[in-house]
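Engineer: As they're listed, the protein sequences go chains A and B. Numbers in the numbering used here are just positions in the first sequence, counted from 1, shifted up by 312. Numbers in the numbering used here are just positions in the second sequence, counted from 1, shifted up by 312.
These are calculated hints, taken from the structure and not from any lab test. Keep in mind that a hint or two might mislead.
Just so you know, same-sequence chains aren't split out, so a pair can sit in one copy or run between any two.
Okay, derived cross-link-like pairs now, DSS-like style, lysine-lysine, Cα gap no bigger than 25 Å in a straight line [stated by the list, open to error]:
1. LYS553 <-> LYS491
2. LYS405 <-> LYS446
3. LYS345 <-> LYS462
4. LYS489 <-> LYS553
5. LYS545 <-> LYS397
6. LYS397 <-> LYS491
Protein chains: 2
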Amino acid sequence: MRTIKLVIGYNGERYEGWQSQRNSKTLQELFEKTLSRILKEKTDLISASRTDSGVHALGQTAHFKTKNPLPVARIKSALNFYLPKDVVVFSAKEMPANFHARYQARSKVYHYDIWNSPTRPLFEAPFTLWHPGKLDAASMNRATRHLKGKHDFNAFKAIDGETKSSVREIKRISVKKIKTLIRIEIKGDGFLKHMVRIIAGTLIEVGRKKLKPQAIQQILSSKDRTKAGPTAKPQGLTLLKITY
Amino acid sequence: MRTIKLVIGYNGERYEGWQSQRNSKTLQELFEKTLSRILKEKTDLISASRTDSGVHALGQTAHFKTKNPLPVARIKSALNFYLPKDVVVFSAKEMPANFHARYQARSKVYHYDIWNSPTRPLFEAPFTLWHPGKLDAASMNRATRHLKGKHDFNAFKAIDGETKSSVREIKRISVKKIKTLIRIEIKGDGFLKHMVRIIAGTLIEVGRKKLKPQAIQQILSSKDRTKAGPTAKPQGLTLLKITY
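Please put together the full structure from these sequences, using the hints given.
Structural biologist: Shown next as structure tokens:
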């Protein structure tokens, strides 16, 4: 059996997230069907991250096992040939048998992009959250320092998110203003369900002056989801990179 | 009568160009219908540039006359409310009665963007031409120096393009490589039908080493359309700015 790692990009707009579910159009199902067609055998694909419905990726990583000897360059080009235009395979690589895209992931990097202008985004519309009111990016950036490091992020987790521990480490987090775009960049060892989107929604409340930057500390220590901001819409979120 | 200037952006993908034609979906028709609805009077809109089918804009400029006293800020917000998401009005401004978006335009700036990577573009797909083979951007940039200035551009004009004179002045032209993107930027006092796309198609031939940079001189002096390269596809072209 061979183990193949794929690095994948997608525009999440038309998909109901990564993970296969009954009666829905998911990226996992799209990939597994296409791989099975190319490799002539049933193929299971395991991704590092189970992105939500509507979330995009420029560096999702996944692996599958196959008995088919097709060279990796051919697997990549066949996938790009059969897959729709809103999905792309950047690379396909042969890995040691014990490689596991999810369990061996050391960190994940996400962008959350906000289009902060009274005029709606045009070319950027599918990949940004439009927030027409003024946001104070400097305050948002000041607020991030309280999120950095190892914390119990229970207040920043979807109520239905099942996990044993809600302790995670944020290795890097910043808010940058690039013309009309406000970009939240976040790197962590792993994220709870909706965690990045709740962080984005809470930082937007700081940008709107509804919360002070230092309020983040009380929200964290409350461990209470109702104290944090709303879950920001998925279209602003892009999975950039998985490191191993 | 008031004279109002609009600065407009659009994703040209779904439209058959700017200019109204029988039985086709054009931007002029979309805008005139929407303006007539808002102003409660038949409205004609005259643009600086009649962009081709599939061409995009981030700075198209147009004007219309109206008797309606609605403030310009309200005209802008009503347009953005009624127009579809792939069209946007950046500004609406009251102008002197003699202002004319087409006749008074002093220069036009366009980008032609090429995605030069073996892997197809994802987020950039609607706004770039995908060219998977290697292109030499430095040679393409060297070739542009022969195009700069005032020339008879008959060799770079669509055969069915009707105009009295094919003399135009290119004020600025360059080819830049920005990671996997090759961007042709061009500023001129005006452009003949398909001129920017034929220039892009010819520069791509230079990038592919099918033409030498200095061949541009002979093509120009031949005044023969068949000597220049093919007309590059519209999706890479964006109208950036009109100056007055």
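Engineer: Each hint needs a verdict: does it hold in this structure or not?
Structural biologist: Hints and how they fare:
| no. | hint | result |
| --- | --- | --- |
| 1 | LYS553 <-> LYS491 | both (24 Å within a copy, 18 Å between copies) |
| 2 | LYS405 <-> LYS446 | between (45 Å within a copy, 23 Å between copies) |
| 3 | LYS345 <-> LYS462 | neither (39 Å within a copy, 57 Å between copies) |
| 4 | LYS489 <-> LYS553 | both (21 Å within a copy, 24 Å between copies) |
| 5 | LYS545 <-> LYS397 | both (23 Å within a copy, 17 Å between copies) |
| 6 | LYS397 <-> LYS491 | between (29 Å within a copy, 21 Å between copies) |
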